[in-house]
Amino acid sequence: MFSEFLQYLFTGITIGATYALVALGFTIIYNASHVINFAQGEFLMIGGMGTVAFMGLGIPMFFAIILAVLLACLVGIALQRLAIAPAKNADVVTLIIITIGASIFIRGIAQVVWGKDYHVVPPFSGDEPIRLGGAVLNSQSLWVLGIGAVLVIALILFFTRTLIGRAILGTSMNKLAAQLVGVKTQMVLMLAFGLSALLGSVAGVTVAPITFTAYDIGILLALKGFVAAAMGGLGSGLGAVVGGILLGVVEAMTAGYISSEYKDAVAFSMILLVLFFMPRGLFGGRTVERV
Amino acid sequence: MAKKSLLRRAGVLAATLATSLLVSAQAAEPIKIGSFLSVTGPASFLGDPELKTLEMYVEKINEEGGVLGRPLELIHYDDVGNASNARNFAGRLIRSDRVDIIVGGSTTGATMAAVPLVEQARIPFISLAGAVTIVDPVKEWVFKVPQSDRMAAERILWDMRRRGFDKIGLISGTGGFGASGRQQTLAVASEYGIEVVADETYGPSDSDMTAQLTNIRNTDGVDAILNFGFGQGPAIVTKNYAALDINLPFYQSHGVASDAFLDLAGDAAEGLRLPASPILIPSSLPDDDPQREVVQSYAQEYRDHWGTRVSTFGGYAYDGLMLAVQAIEAAGTTDKAAVRDELENILGYVGVTGIFNMAPDDHNGLTPESFRILEVKDGDWMLVE
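Protein chains in written order, with the numbering used here: chain A, 1 to 291; chain B, 1 to 385.
It cannot be assumed that every hint is accurate.
Using 25 angstroms as the maximum straight-line C-alpha spacing, the simulated SDA-like pairs for lysine to any residue come out as follows [what the hints assert, rightly or not]:
id, chain 1, residue 1, chain 2, residue 2
1, B, 167, A, 4
2, A, 116, B, 268
3, B, 52, A, 115
4, B, 139, B, 348
5, A, 88, A, 36
6, B, 167, A, 116
7, A, 116, B, 85
8, A, 116, B, 300
9, A, 116, B, 281
10, A, 88, A, 78
No lab work stands behind these hints: they were computed from the structure. Everything numeric in this text was worked out from a predicted model, so none of it was measured.
Isolated chain B (complex conformation):
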């Protein structure tokens, strides 16, 4: 009796095991999306919202049935803002996790460190970092979401030209972002008929930029001032600018296009202009704006899920993931070459950052017009028509 029941139990156990094995074999194998982001460390303001966005939308897509009937699996590492970590993690994603596509790289340094591995392994890589060097010259397997700093400079200069300014004073941070922005501004200024007559810099830990601003103010014929930088530096520049009572139009770069900047700079920010993603002004986008719907739903979902405000940077991750999903769906497979070809063929994808039109010679797909010019009014962003 005892023996029989034991046998039966063993039989049941074996049957259960066999069924569960069978079921898991039947369930579609997940599509692996690899990512390395600067979730902690100095660039955490980029990586943190990016990871939150990826996690949230991978979960959402899986609830809705996945992609090609297969669930998505997000494998991510934190590079702490360090390029050599980024390179190691990219290698791990490619060799040991065997991911199908990589969406990541919060900073230009991290992205560029991973590029040689990605090119060698021939795996599609969508970067979330800014500098123009990522896609210029075009690299076969590398794409990127954000507009380049060159486009930001072009957009600012375009607005200055429109307002009839032709001599400007430039002040920039000496960090990577500010230095690159300064170079791009100097390079494209003449195309807009604008002359940079004062060129000042400040270090990342400087606590007062009054001396630099005084120099710009005393330069003959300055029509407007542009600050290229990110972190707390531009907020200090803004405060100093207000304290000095400089009555010149003031521009900031997209590096400070966040609500946090408004909190830091306070009243001093009143009246300044900058180029920004429409994500900052979801509710004041006009009805006929093609991005209105996607921007508003992303902003809403992010706030509902995480309880914090959206940032421009999370928007990059949203677009990166959606571009990847769209390319995989169009390819009908996760075959890397097919997905890459489809990424290059994406036309008219309406994202949070802009409307993407990829091409073999353009792996970013955005134009300077995807930046909206915003002005600070009554402590909030306002769209300049």
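Only chain A is shown next, with the shape it has when bound in the complex:
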């Protein structure tokens, strides 16, 4: 009985950790511009597929990952320079639509360059699962959780302790005021896209051993990741992680104890409830109060 519960919990953590890491990627750009970057999924995809492609060239995994992350950062900066910057006076909704267009474009390029097949990224520390109390846990989930935790702490420090981080927050709160005190808002935005791509591609490589990777993996992952981010409170790193893990655990428990038919229905009902009573999400309140 207990081993079953433990198994469902582990499954939920595995799924949830994936959502959480994806959700984190949405926070930086949202903080900088209140734009929800729908090309975030493509950064994940570049992380995973880039690693596969560079490893295919015979580059060791560690360096392949670094190259893939660099590639994603370049794409992120290019996206801001070539698509977002020219429309700098447009309102947020227009910018969001631009990111949707960009995501379709990047996906198309990836499909042509890297093909349409699914690929495997080897787990960071072997295929052997961890056995605990009659349940098994995918060792890669621990990597996902660990990297998620590091990123959350890094994000909190970045936004509260560094000048650039504060400049990013300032830009999102009042662009004009930020400009008046000497913040180069376009530079800040470019930086935000680059960082967000970095975060997204790291997440993409880390979850790829669990989910596999393909040119269109971004759509699948980003949808649930976005839901997790919205539930946790857009813009909050901690919220993204709590939202993701909550979503994953609820899904797994529903699949285990009620029926796998209803797991998405239960998960989405829970999100509706959360957003109904806390429209800013679980951890979204504080950021808004500061405005």
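Since the structure of chain A is already known, use the hints to place chain B on it.
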């Protein structure tokens, strides 16, 4: 002098023009084969090898002199896996391209969207999609190549019965393929004396199915587990299954019968069984297998031409095209009604997918036995006798 030479040049030009016109009028008018396939988009793993196969064999047939002394002309559109595009393209093939026969429709959705147009225009249509609804009930002008999911379910249940299993756990994807496979399995299980005691599902974007598998494992009396689905989902199920150390025989559907699946699932796939087209094991088919020759030559030619491995789906396009060619040759004309009648009369055509015996009440012509039961051994497919 200048005037004369100009005149002469004009004369030569006119003569050349006239000759070229005459020649093109003499050359036989091509037989138009229309196609709409999901070459890009989510079903591109179907449409891509299908189009490559059609292009390659149309070219080859033309080099060898065409059909009825006329060259083949392939007119194809990419429906991107979208049924309403498929319907539009089917209409364009019929009305503006005026094709003689249609070979296409990578997915069941695309096929079914085109069926009403095809029936109305009275043009023979050979579909490359799976579901049993395409030919059941029989539609006058619609034929199909692949075995239905019902046959796959029957073949798996037959093998389970043979190994003496009578209670199984079912896990299936909620996508069209998995959902339909689940329905067919539930519908035919009792005919084989098998009871489905656990029935679990997973979504197309799910990244872990351990919870569902734990439920199946904890169900009393389960003898074997069957997964019906395609895409990356079944590979994740396979990995989770191995991680959980479930010591029960494991079956997958024909939806993952490809080498790509073996790459994804890796060691976890060891020992699982599935029904598949013989195209996966061209070199280990026994000498007396009637399909051996056609399967081996298709596999070889495809690899030589495209430099990639063959897939089951390209094989459907091969058979679709060859069935069309055979019917046109037998009819001796491209008259649509005559070709349709000949398609229905095809008996004993040995294809890559199976041996086709069409009949007025069977527009597929295959039996469940055309599926071979394969087992994964040492990371490769092995034929189970």
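Between residue 88 of chain A and residue 36 of chain A, does the CA-CA distance stay at or below 25 angstroms? holds (15 angstroms)
Sort out whether residue 300 of chain B lies within 25 angstroms of residue 116 of chain A, counting only the CA atoms. Measuring from Cα to Cα gives roughly 23 angstroms; hence the hint holds.
Has the given pair, residue 167 of chain B with residue 4 of chain A, been kept, meaning a C-alpha gap of at most 25 angstroms? holds (22 angstroms)
For the pair we were handed, residue 88 of chain A and residue 78 of chain A, check the Cα-Cα distance against 25 angstroms. holds (15 angstroms)
Take a quick look at whether residue 167 of chain B and residue 116 of chain A sit within 25 angstroms of each other, Cα to Cα. violated (38 angstroms)
Given the hinted pair residue 116 of chain A and residue 85 of chain B, is their Cα-Cα distance within 25 angstroms? Cα-Cα ~21 angstroms, so holds.
When you check the alpha-carbon spacing of residue 116 of chain A and residue 268 of chain B, does it fall within 25 angstroms? Judged against 25 angstroms, a Cα distance of about 23 angstroms means the pair holds.
Starting from residue 116 of chain A, check that the Cα of residue 281 of chain B is at most 25 angstroms away, please. holds (23 angstroms)
With a cut-off of 25 angstroms on the C-alpha distance, tell me whether residue 52 of chain B and residue 115 of chain A pass. holds (15 angstroms)
Take a quick look at whether residue 139 of chain B and residue 348 of chain B sit within 25 angstroms of each other, Cα to Cα. holds (21 angstroms)
Violated hint: 6 only; the structure is consistent with all others.
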